[in-house]
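A.B. asks: Residue numbers for the sequence shown follow the numbering used here, beginning at -6 and rising by one.
The set of hints was computed from the structure by calculation and includes no laboratory data.
One thing to keep in mind: the hints can contain errors.
[Claimed, not checked] Simulated pairs of lysine-lysine, DSSO-like, Cα-Cα distance not exceeding 30 Å:
(1) 63 to 244
(2) 89 to 18
(3) 18 to 160
(4) 166 to 30
(5) 30 to 19
(6) 30 to 63
(7) 166 to 206
(8) 30 to 6
(9) 160 to 6
[Claimed, not checked] Here are the computed distance ranges between Cβ atoms for each label pair:
(10) 111 to -2: 28 to 36 Å
(11) -3 to 77: 27 to 35 Å
(12) 238 to 46: 45 to 53 Å
(13) 137 to 58: 21 to 29 Å
(14) 114 to 206: 18 to 26 Å
(15) 21 to 76: 36 to 44 Å
(16) 179 to 115: 25 to 33 Å
(17) 157 to -1: 45 to 53 Å
(18) 135 to 157: 29 to 37 Å
(19) 157 to 129: 18 to 26 Å
Using N, Cα and C, we set each Cβ at its ideal position, and we do this for glycine too.
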Amino acid sequence: MIIQIFDDFDLDKIAGSGQCFRWTKKDEHTYRIIAGKACLYISGPDHGRYNLECGEEEYAGFWEDYFDLKEDYRAIRGQIDPEQDPFLWQAAEREKGIRILRQDPWEMLITFIISQNRNIPAIRRSVELLAESCGEAEIDSRGAGYYAFPEPDALAALSENDLLACKLGYRWKYVRAAADAVSEGALDLDNLASADAQSAMTALTALFGVGVKVASCVSLFGLHHTDAFPVDVWMKRVLAQEYPEGYPYAKYSPYNGIFQQYMFACYRDAAFHHERSSQRIT
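Using the sequences and the accompanying hints, generate a full structural model.
C.D. replies: This is how it looks when you write it as structure tokens:
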């Protein structure tokens, strides 16, 4: 089916934003996306139009929500005053097109536990190995096979050796603890999605091996708490260099997580730093 998107929407920027690890670029304009049990080929843009290889019912029932297409990101960006906060305005202009995907909180919990001290290729590899080890085998719209992300019970049933075979290293214990907590009902991720931000963070950081940064990522990318503000090495640089007197969290609430994505992506862009250096020299 063909859809027209008038709001900010850039597949490449979303894919490179560090929030999703089962997107594969098939050609210049096409991505294959695996999310939970679902799989989608999406191509575009062609004058703002995108081709989704799915039916209208599947789009309305899953993918429209997954891409957060009912949220107006242009309006959110419009809240930034270019004179009062020129850096954030510039970052949002450069990186517009990023959206906070509405991803499954269980998948995000395991994915971001795996992500600790890892590069993206290593994270992607471990996620795929986990899916292959105990995820359900599926067939996509083009007849190619893939594995759904494992259910909590299936993941909890894996042995230590099974988990180590997925290249998890020391993280296998954290993955096991999270799988046990969810499968046994000690952690209810669905309830956390509607809980207040502090309650969600408290519940997530109570898990073995889950610190504030991982919990913040799960809150933002899995629970869709758009005020969550993950801080890694890049964001520490942003806060130190751009907001030495303090970042105005209250001012930008409840969209701090969206603005964090703009700043994070901008600071990872070497071209941005080159431009800034050139501006300082001149």
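A.B. asks: For this structure, which hints from the list above don't hold up?
C.D. replies: none
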